[in-house]
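Sequence order for the protein chains is A and B.
Letter by letter, the first sequence follows residues 261 to 722 in this note's numbering.
Letter by letter, the second sequence follows residues 261 to 722 in this note's numbering.
Any given hint could be a false lead.
Copies of the same chain look alike in the list, so a pair counts if it fits in one copy or across any two.
Unchecked claim - Computed cross-link-like contacts, SDA-like style, restricted to lysine to any residue with a CA-CA straight-line distance of at most 25 Å:
(1) 650 / 471
(2) 624 / 498
(3) 544 / 609
(4) 469 / 575
(5) 673 / 639
(6) 318 / 439
(7) 576 / 354
Because the hints were derived from the structure by calculation, they are not lab data.
2 protein chains.
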Amino acid sequence: MDQLNQHISKNKEQYLSELFNLLRIPSVSADPAYKKDVVKTAEFIRDKFIRAGAENVKICETAGHPIVYADKLFDASLPTILVYGHYDVQPAEPFELWDTAPFEPEIRITEKHPEGAIFARGACDDKGQMYMHLKAFEAMMETDSLPCNVKFIIEGEEEVGSKHLEAFVQGNKALLEADIILVSDTGIIANHTPSITVGLRGMSYVEVKVTGPNRDLHSGLYGGAVANPINILCDMIASLHDCDNRITIDGFYNDVEDVSDADRKEMAKAPFSEAVYRSDLEIKATHGERGFSTTERATIRPTLDVNGIWGGYIGKGAKTVLPSAAYAKISMRLVPNQTSEKIASLFQKHFESIAPESVVVEVKPHHGGEAAIVPTNFTGFQAASMAMEKSFGKKPIPVRSGGSIPIVALFEKELGLKTILLGFGLDSDLIHSPNEHYGVFNFFKGIETIPLFYKYYTELNK
Amino acid sequence: MDQLNQHISKNKEQYLSELFNLLRIPSVSADPAYKKDVVKTAEFIRDKFIRAGAENVKICETAGHPIVYADKLFDASLPTILVYGHYDVQPAEPFELWDTAPFEPEIRITEKHPEGAIFARGACDDKGQMYMHLKAFEAMMETDSLPCNVKFIIEGEEEVGSKHLEAFVQGNKALLEADIILVSDTGIIANHTPSITVGLRGMSYVEVKVTGPNRDLHSGLYGGAVANPINILCDMIASLHDCDNRITIDGFYNDVEDVSDADRKEMAKAPFSEAVYRSDLEIKATHGERGFSTTERATIRPTLDVNGIWGGYIGKGAKTVLPSAAYAKISMRLVPNQTSEKIASLFQKHFESIAPESVVVEVKPHHGGEAAIVPTNFTGFQAASMAMEKSFGKKPIPVRSGGSIPIVALFEKELGLKTILLGFGLDSDLIHSPNEHYGVFNFFKGIETIPLFYKYYTELNK
Numbered sequence: 261m262d263q264l265n266q267h268i269s270k271n272k273e274q275y276l277s278e279l280f281n282l283l284r285i286p287s288v289s290a291d292p293a294y295k296k297d298v299v300k301t302a303e304f305i306r307d308k309f310i311r312a313g314a315e316n317v318k319i320c321e322t323a324g325h326p327i328v329y330a331d332k333l334f335d336a337s338l339p340t341i342l343v344y345g346h347y348d349v350q351p352a353e354p355f356e357l358w359d360t361a362p363f364e365p366e367i368r369i370t371e372k373h374p375e376g377a378i379f380a381r382g383a384c385d386d387k388g389q390m391y392m393h394l395k396a397f398e399a400m401m402e403t404d405s406l407p408c409n410v411k412f413i414i415e416g417e418e419e420v421g422s423k424h425l426e427a428f429v430q431g432n433k434a435l436l437e438a439d440i441i442l443v444s445d446t447g448i449i450a451n452h453t454p455s456i457t458v459g460l461r462g463m464s465y466v467e468v469k470v471t472g473p474n475r476d477l478h479s480g481l482y483g484g485a486v487a488n489p490i491n492i493l494c495d496m497i498a499s500l501h502d503c504d505n506r507i508t509i510d511g512f513y514n515d516v517e518d519v520s521d522a523d524r525k526e527m528a529k530a531p532f533s534e535a536v537y538r539s540d541l542e543i544k545a546t547h548g549e550r551g552f553s554t555t556e557r558a559t560i561r562p563t564l565d566v567n568g569i570w571g572g573y574i575g576k577g578a579k580t581v582l583p584s585a586a587y588a589k590i591s592m593r594l595v596p597n598q599t600s601e602k603i604a605s606l607f608q609k610h611f612e613s614i615a616p617e618s619v620v621v622e623v624k625p626h627h628g629g630e631a632a633i634v635p636t637n638f639t640g641f642q643a644a645s646m647a648m649e650k651s652f653g654k655k656p657i658p659v660r661s662g663g664s665i666p667i668v669a670l671f672e673k674e675l676g677l678k679t680i681l682l683g684f685g686l687d688s689d690l691i692h693s694p695n696e697h698y699g700v701f702n703f704f705k706g707i708e709t710i711p712l713f714y715k716y717y718t719e720l721n722k
Numbered sequence: 261m262d263q264l265n266q267h268i269s270k271n272k273e274q275y276l277s278e279l280f281n282l283l284r285i286p287s288v289s290a291d292p293a294y295k296k297d298v299v300k301t302a303e304f305i306r307d308k309f310i311r312a313g314a315e316n317v318k319i320c321e322t323a324g325h326p327i328v329y330a331d332k333l334f335d336a337s338l339p340t341i342l343v344y345g346h347y348d349v350q351p352a353e354p355f356e357l358w359d360t361a362p363f364e365p366e367i368r369i370t371e372k373h374p375e376g377a378i379f380a381r382g383a384c385d386d387k388g389q390m391y392m393h394l395k396a397f398e399a400m401m402e403t404d405s406l407p408c409n410v411k412f413i414i415e416g417e418e419e420v421g422s423k424h425l426e427a428f429v430q431g432n433k434a435l436l437e438a439d440i441i442l443v444s445d446t447g448i449i450a451n452h453t454p455s456i457t458v459g460l461r462g463m464s465y466v467e468v469k470v471t472g473p474n475r476d477l478h479s480g481l482y483g484g485a486v487a488n489p490i491n492i493l494c495d496m497i498a499s500l501h502d503c504d505n506r507i508t509i510d511g512f513y514n515d516v517e518d519v520s521d522a523d524r525k526e527m528a529k530a531p532f533s534e535a536v537y538r539s540d541l542e543i544k545a546t547h548g549e550r551g552f553s554t555t556e557r558a559t560i561r562p563t564l565d566v567n568g569i570w571g572g573y574i575g576k577g578a579k580t581v582l583p584s585a586a587y588a589k590i591s592m593r594l595v596p597n598q599t600s601e602k603i604a605s606l607f608q609k610h611f612e613s614i615a616p617e618s619v620v621v622e623v624k625p626h627h628g629g630e631a632a633i634v635p636t637n638f639t640g641f642q643a644a645s646m647a648m649e650k651s652f653g654k655k656p657i658p659v660r661s662g663g664s665i666p667i668v669a670l671f672e673k674e675l676g677l678k679t680i681l682l683g684f685g686l687d688s689d690l691i692h693s694p695n696e697h698y699g700v701f702n703f704f705k706g707i708e709t710i711p712l713f714y715k716y717y718t719e720l721n722k
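One chain only, chain A, in its complex shape:
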């Protein structure tokens, strides 16, 4: 691998400069205003695959944003790795909270990233991590060291629930045939503490609307006599948790995986400081379901969070309006055995049932995905663990994450394949938030680790 590492070293500036160009295109999949930029990003990725020496490179249209496919198949007797990534990003709002413009990448030193971090929307999630794979592949091609077959699918709708990926996978099962899936869209505990994500939460995302009177009213003339949709929405949202911070939706916990005490004890061994956690977030207290630790609340327990709420007058100054309607976006993180569709339907039924007669409630399911568990006793995990141990000089810790990557369950269902979550981000990288960034160390550590995974996985499966 020496020759490969030398090649990577030599090209660091080039890799960074290309990543910067990629980050400059605002591929916000949620907002139709950025549709052209999303397409432009797909074309950027396609062109880089072609230049890297990939074959069958194509932009596959879907009913939504396109998927980029590329491969390099040279020996059917060798294993095939299917790499998945996404080139779309979260909306960058609120823009005013960014220290530098979200689509003008810049490298700055941070406490966690003394070697510098790239600040931009998508720097970590997932353009930066996805691009490590493209560059690792290019480096292996250029040094003639690709040890196995490889396929890539890079989609543009991950941040809006991978809406059209399922149809694409179902319609292209032969094209996507492989032995293992490799994804970098997760993180490690710290730059000196590598880890591999072995559990993910699922998600149900809904939008609700509470309508009262048929028009905005003067709160003086009508206030007190007519249900205020904002007050009612607050009542309804408040009632979704009980005093133990358990979710009150009928049947919500029915299918929840019961994690054994032994497993909980094992999890508790991962390095974690509640004091550091609180001080990092500048909060006096954590807050969650009674009977579980902070780590457990954020990983093995289901949750319900309001991700957005709005209604009435939200401009400057005061306006005495009793609005016609109020709105909220609500997501529930799910754990293994819960299914997102069932939970969305339980939510809808419950939310409609608790609405007082004075309002009308609409629940619109947005998207969902299932939780996933990655086994640690097969060659995929072993190869990943060996690769990280080699590049970091330390054995990685298997951890469960609170985030959701619904495609993991999708790939298992449709292709019968396990996914290895070989991510390099840090929890502090502010993904989905203003000032998202990704360590320069992490970017290159990824490019260095990925070929090791190819190597060990091929050796273990020869």
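Put chain B on the given structure of chain A with help from the hints.
Chain B alone, transformed into the frame defined by chain A:
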């Protein structure tokens, strides 16, 4: 009065055309973006007073938007009426709910206004009603029939709590010396059922901010373990009412006026149909404090309404953010004996006390005003009643309103004067809402009734 009425009849088109020009200037006092338009509106009013023959016409600067003063004093032995009005308007948002542009007035027929209604922000509140006074004065001047002295103050900050009026009144007590105050900023029950407002609610308006973590977080990685400020804000707002819809703030009801059963019975005689009320608003049920009727809830009982709420991602699509902060604008309508400052301070104390340790709460009082009662046994009310009886052909019903006109209590306190609320709007005029309008019938009925008030009040006080 025949000559006066003929004069008014002859000038109807001119009056309407001037009102349209006034309505075209977007004098939104809450929004700094409209500062120039607010000044332009004051100048418009000033110019019209000069043309109408008023004296001492001037634009009085305040620390906020200016006040227009004008008078016509010709005989110290005659009474002096002080007319108050406001030329500022509520914000017009949400613009997309207006059938025609809010600052491009247009006359359209409505069910309640078969003779046509003027659609524009401020058409009723209060440009249309204020302008009736200017035109009634001009008509009396032009027909040589002004029966008494008159002073005018037209302010530009009513919709933002008349912030600088108190200082102006305190600093100009001699200038404002008068016998009675006359205001048209209220309504009548229906065009065939005249009424006079004899009670108003006060108001405390506050803005709250609930802050959790120091930055927006990914709801997958942190959800369930960190307090979500939106969920917490909803909990806190929900807890402000109990299951009887009574407000739970400690001491909130301590000073509330106890309306006697006899008075409640008297109030219940005013024409009101719950079925028509519900059908007008297209709601299945009304909603309010247990033990009180809809009319009582909206007039003699204090309330707490959220006028605006926001936090997290409120754009299109889905974003899985756990926001750093959530916000709400909350107003409480108050009844006689409650004081707005005390209530604001009780709110603040209570709201801070119910915040969980996991968040930080800020309460910022916006503005307030006191409730008011107009006695029905003095010449001011009698003159108003006679004027309406003459112009409508029907004795007006004294009613209490749920709205707030804090200047009524202010004038009583600072000038020792009672206020007559001789308003001509309808509840259905959508003031503060999209599609605000004011009946053409009502506009001219006002211009016709105002001189009658001058006449009767002068006769009763000679």
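Evaluation of the provided hints:
1. Taking the closest pair of Cα atoms, residue 650 and residue 471 never come within 25 Å of each other, the shortest separation being 58 Å inside a single copy and 43 Å across copies.
2. Proximity of residue 624 and residue 498 under a CA criterion of 25 Å is satisfied in both settings, with 19 Å inside one chain copy and 23 Å between copies.
3. Proximity of residue 544 and residue 609 under a CA criterion of 25 Å is satisfied inter-copy only: 20 Å between copies versus 36 Å inside one chain copy.
4. Proximity of residue 469 and residue 575 under a CA criterion of 25 Å is satisfied in both settings, with 20 Å inside one chain copy and 14 Å between copies.
5. For the homomeric pair residue 673 and residue 639, the shortest alpha-carbon distance inside one copy (20 Å) is at most 25 Å, but the shortest distance between copies (84 Å) is not.
6. Within a single copy, residue 318 and residue 439 get their C-alpha atoms as close as 22 Å, which meets the 25 Å cut-off; across copies the closest is 85 Å, which misses it.
7. For a Cα distance limit of 25 Å, the shortest separation of residue 576 from residue 354 qualifies both inside one copy, at 17 Å, and across copies, at 14 Å.
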